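*Asks:* With these hints in hand, go ahead and build the complete structure from the sequences.
Quick mapping for you: the protein sequence lines, in order, are chains Y and A. Under the numbering used here, the letters of the first sequence match residues 18 to 235, in that order. Under the numbering used here, the letters of the second sequence match residues 18 to 235, in that order.
Derived from the structure by calculation, the hints contain no laboratory data. This list has only true hints and no planted wrong ones.
One-sided and incomplete, this derived list gives chain A residues near chain Y with beta-carbon spacing under 10 angstroms:
#, residue
1, S71
2, R79
3, E101
4, A104
5, L109
6, G157
7, L161
8, E164
Just so it is clear, the structure is predicted and the values come from calculations on it, not from any experiment. Every residue, glycine too, gets a C-beta built ideally from N, C-alpha and C.
Protein chains: 2
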Amino acid sequence: MERKRADLIADAIEELILDGTFDDGDRLDEVQLAERFNVSRTPIREALQRLILSGLVEQLPRRGVFVRQPGPVELIEMFEVMAELEAVCARLAASRISDAALAQLRAINERCRTATEAQDADGNYDQNDLFHATLYAQTGNAFLEQECLRLQRRLRPFRRLQLRWRGRMAQSVAEHDAILAAIEAGDGDQAGNLLRQHVAVQGEKFHRLMSSLKPAAE
Amino acid sequence: MERKRADLIADAIEELILDGTFDDGDRLDEVQLAERFNVSRTPIREALQRLILSGLVEQLPRRGVFVRQPGPVELIEMFEVMAELEAVCARLAASRISDAALAQLRAINERCRTATEAQDADGNYDQNDLFHATLYAQTGNAFLEQECLRLQRRLRPFRRLQLRWRGRMAQSVAEHDAILAAIEAGDGDQAGNLLRQHVAVQGEKFHRLMSSLKPAAE
DNA sequence: AAATCCATTCTTGTATACAAAGAATTTGAC
DNA sequence: GTCAAATTCTTTGTATACAAGAATGGATTT
Numbered sequence: 018m019e020r021k022r023a024d025l026i027a028d029a030i031e032e033l034i035l036d037g038t039f040d041d042g043d044r045l046d047e048v049q050l051a052e053r054f055n056v057s058r059t060p061i062r063e064a065l066q067r068l069i070l071s072g073l074v075e076q077l078p079r080r081g082v083f084v085r086q087p088g089p090v091e092l093i094e095m096f097e098v099m100a101e102l103e104a105v106c107a108r109l110a111a112s113r114i115s116d117a118a119l120a121q122l123r124a125i126n127e128r129c130r131t132a133t134e135a136q137d138a139d140g141n142y143d144q145n146d147l148f149h150a151t152l153y154a155q156t157g158n159a160f161l162e163q164e165c166l167r168l169q170r171r172l173r174p175f176r177r178l179q180l181r182w183r184g185r186m187a188q189s190v191a192e193h194d195a196i197l198a199a200i201e202a203g204d205g206d207q208a209g210n211l212l213r214q215h216v217a218v219q220g221e222k223f224h225r226l227m228s229s230l231k232p233a234a235e
Numbered sequence: 018m019e020r021k022r023a024d025l026i027a028d029a030i031e032e033l034i035l036d037g038t039f040d041d042g043d044r045l046d047e048v049q050l051a052e053r054f055n056v057s058r059t060p061i062r063e064a065l066q067r068l069i070l071s072g073l074v075e076q077l078p079r080r081g082v083f084v085r086q087p088g089p090v091e092l093i094e095m096f097e098v099m100a101e102l103e104a105v106c107a108r109l110a111a112s113r114i115s116d117a118a119l120a121q122l123r124a125i126n127e128r129c130r131t132a133t134e135a136q137d138a139d140g141n142y143d144q145n146d147l148f149h150a151t152l153y154a155q156t157g158n159a160f161l162e163q164e165c166l167r168l169q170r171r172l173r174p175f176r177r178l179q180l181r182w183r184g185r186m187a188q189s190v191a192e193h194d195a196i197l198a199a200i201e202a203g204d205g206d207q208a209g210n211l212l213r214q215h216v217a218v219q220g221e222k223f224h225r226l227m228s229s230l231k232p233a234a235e
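*Replies:* Structure follows, in structure tokens:
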């Protein structure tokens, strides 16, 4: 249901940024991209606009658009917002979730557990995202759901990094268990606090990862 | 610091939508807009893209872009998210705010009170927005601040409506007082709950306004 | 030799021309 | 007279041409 060429290109460029083909600070040359995708500059410019609005790149007037990877500070901030948003989701979902959806969440977390035991990082990753997305849907607030999905998507590449932490996957599954228990008990505040911690720890781990890397770079 | 013509046009079109020149469901004709602003279709299309991304208009592929005012349900949802976001702001600000900023908030609320006593709805409205924006800035989280400002901006025209409620302005000032007291006491949870209620009541009042208008329209 | 100014060139921003996809209208057949 | 199909016409999406602003390089001057 993609709309037009420009949308496909936007996704493609986003992919190129996220997988490191374009690095932080790189200028995205319109004509280069145009010949790379075999289109004119027009759809390229439309695609870039989308990326500008999403915050992935920055535009300096009359200068061009530049890749703008969030710095450590901004990342911490984004993780904090994500943690708070998810806490809201958990609290709302605790009073609004259906039995069917609760069962579904349990099933997803079981697949998380299976993937963890099989040391399947990719499987764990996918099911983990699905777990959270399913929870968003159970807030009964479609707007909130969309906002959460937007931020989740933005943080995806960074979340992926911290999966490498030893024992993190198993810990994550256990935290999901606790969150589910709180939701099932209808304790929204407890569910919210648990989920906030669950997400915030990702930000902290990421922060420590960054700190351990930065000194070497500078 | 506007970037180019397209940005000015985007703001102008947004204004035209918000002030009712373009109604819900209207198609925004590129050529009409082009001659209205005395530019070619290119900057118009760029401007429309911005509005599409912001959610103010909707694009049907190969059909055009249409004004898409949020329905009652979506509005309720947006107010709920705003309330939760502001609650987070209050909670965070309670532990991070500076004395200077706290004094500033008090000053702003005093101007709110003055405006209220003078029956100055516009003044109250402006100071009220400033009060909330100042609070966002005190979360120490620039990303959160930006997200809040974005949503605040989106809800602005609807918030304005509920100012007409008799006694609402005075009530609002009183609620600000209570929120400030909680922040000053460092009670983040209390401040959050108060602010959530403070914003949520706007959504509810708006809902009731909509309900009282809709039956006549259908 | 260094700095500044001017010119050239490169890149973005805008206009226009072209193509393709829907929508609408008209014409033909039943 | 009505329904359907085809053609035309409108409108979006894309390409290209043009204009204006910024960067870079060289030359000249101090």
